[in-house]
Amino acid sequence: MIRKPLYCLLAVLVLVALLIGTAGCSGETAGGMLNPVDRLRVATTTSLYDTGLWGYLEPKFEKQYDVELDILSGGSGLALEWGRRGDVDVLTVHSKTDELKFISDNYSSERVWFAYNYFLIVGPEDDPAGIKGMTPEDAFKTLYESSGGKFVSRGDNSGTHSKEKAIWKAAGYADYNALTDAGAAAGWYLEAGKGMGDTLVMASEMGAYTLTDIGTFLAYQSDLQLVPIVDSGSILLNIYTVLICTKGKNQEMANNLVTFLTSAETQELIGDYGMKDYGQSLFTPCAGQPEPTS
Amino acid sequence: MTELWDAFVEALRLIVSLDDEVVSIAWRSLRVSAASTALAALFCIPLGGLISFRSFHGKRLLINIIQTFYSVPTVCVGLFVFLMLSRAGPLGGLGLLFTPTAMVLGQALLITPIMLGLTISALSGVDKTIRDTTLSLGASERQAIWAIIKEARFAVGAAIVLGFGRAISEVGVAWMVGGNIKGFTRLLTTAIALDAQKGELVLALALGVILIAIALIVSLGVNLVQQRH
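Residue numbers (this note's numbering), protein chains in the order written: chain A, 1 to 294; chain B, 295 to 523.
Check each hint, because a few of them may be wrong.
As the list claims (entries may be wrong) - Simulated pairs of lysine-lysine, DSS-like, Cα-Cα distance not exceeding 27 angstroms:
no.	chain 1	residue 1	chain 2	residue 2
1	A	Lys132	A	Lys101
2	A	Lys63	A	Lys101
3	A	Lys249	B	Lys476
4	B	Lys476	A	Lys247
5	B	Lys476	A	Lys276
To be verified - Stretches of chain A that chain B covers, calculated by requiring three or more beta carbons in the stretch to come under 8 angstroms of a beta carbon on chain B:
no.	region
6	71 to 78
7	192 to 199
8	272 to 278
Derived from the structure by calculation, the hints contain no laboratory data. Treat the numbers as computed from the prediction; the structure is a model and nothing was measured. Built from N, CA and C at the ideal position, the CB exists for glycine as well.
Could you put together the complete structure from these sequences and hints?
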């Protein structure tokens, strides 16, 4: 049979397929049942991943607890959906309203905050809408009323997007959909539907304002024509929490991860993170303290 | 436009220096896509032979449906497989979600229509006398189908190469059912998407160059196998 060319081709393909089946002994190919390696799945909001914090903490946790940490990075909306379906064990997110709903729906029993920082409203240096130094609420109101500048929204149900909605609400625009429809029609409000990095690049290219977490902004700053315009106001507070999913399958290791994140040692690492690359820390550790309010 | 040149230089640097992470991602991409292509080929070539050989009611309609699914968005296939494999889904008990196996299954499903459709087209181009001759010489249906496939081996080979191309270049399935987990389910395409999102544009392009290089090697390899016979 081997002399027949297609059999030969198929034989090569099958060989390759077998190769894949066997070459994965290091725990690569096996599914959950067949896999002896202890794995913990964490879904994280993109900002903790794109800033490199998770990449920095991952090997330390894996070494300490002899476990494979699978980190899935997605917006908070997707991360929460994975948690609801039981596809991940732990969430690290930053979207308080969504987290409280997640808990009241019994998908988790508590939210444990471990770090915080602040959102920024960034925009072009010449500040066409003249919002520099305003409160976040007034800045948004001015953007709406003066239409002197464009605003790029994440538009992806992420934690940052939730925060943007909260600021609009606090600024007196309760009907978010009406606002975005009107803004989109008038041409100053743009929904990117993308991650933070893409949204920043888009805002930079268009000379527009956007709301960003500080970590991603600092990581991208060198490539952007954007500067911080509004950086204070308690509504800009951005709290990162860890939640254990009740539907997850590795509860014990999930508990270990919470212990790890809130331990004094890790808290110090989180507090120092960013000093080396950006000259300033990206996160303020806050485990074991009362939930920050401003 | 200096980025394009930088990307080439960076790709060369990554290849020459055998950057650990890039090598493991590229190797994983190749294995996952080769496995999904093999899986789909094992299923599609015989089935395509059967569909093309037999005449039955609704054959045209079936082929139309298969061809329609050439256009299925990769993310939709990813979502479908995700819903199947999610712990809340019907196959959740297998624990396959966010593993390389899940990506192999998803990619195989993704390229099934294109491989099936192209196999059928390839075989329908074969001279009808071959079929009649083999049958009159007393060949069974299986043997006749095989003779036809053999006759159309270049076109069938093209279907396999195209299937592989769609598998290794897709990002939707790998993203949805693999989860882009570093060191476990990260493929070249999902790494490209992530790097692009992180603003590492040159690195993203460089990984794209490496992907094309792999595709080149694979297509040369398939050609070689075909030429030899």
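Here is what the structure says about each hint:
Restraint check: the Cα-Cα separation between Lys132/A and Lys101/A comes to about 34 angstroms, which exceeds 27 angstroms; the hinted pair is violated. Between Lys63/A and Lys101/A the CA atoms are separated by roughly 34 angstroms; this puts the pair beyond 27 angstroms, and the hint is violated. At roughly 21 angstroms between alpha-carbon atoms, Lys249/A and Lys476/B fall within 27 angstroms of each other, so this suggested pair holds. Note on Lys476/B and Lys247/A: the hinted pairing holds, with a Cα-Cα distance of about 24 angstroms set against a maximum of 27 angstroms.
This hinted pair checks out: Lys476/B and Lys276/A have alpha carbons roughly 23 angstroms apart, not beyond 27 angstroms. Chain B is given as covering the region 71 to 78 of chain A, and this holds because 3 residues of the stretch bring a CB closer than 8 angstroms to a CB of that chain, at least three being needed. With 4 residues bearing a CB less than 8 angstroms from a CB of chain B, the region 192 to 199 of chain A meets the requirement of three and the coverage assertion stands. Restraint check on the region 272 to 278 of chain A versus chain B: 0 residues with Cβ-Cβ distances below 8 angstroms, three needed, restraint violated.
When held up to the earlier numbered hints, the structure conflicts with 1, 2, 8 and fits the remainder.
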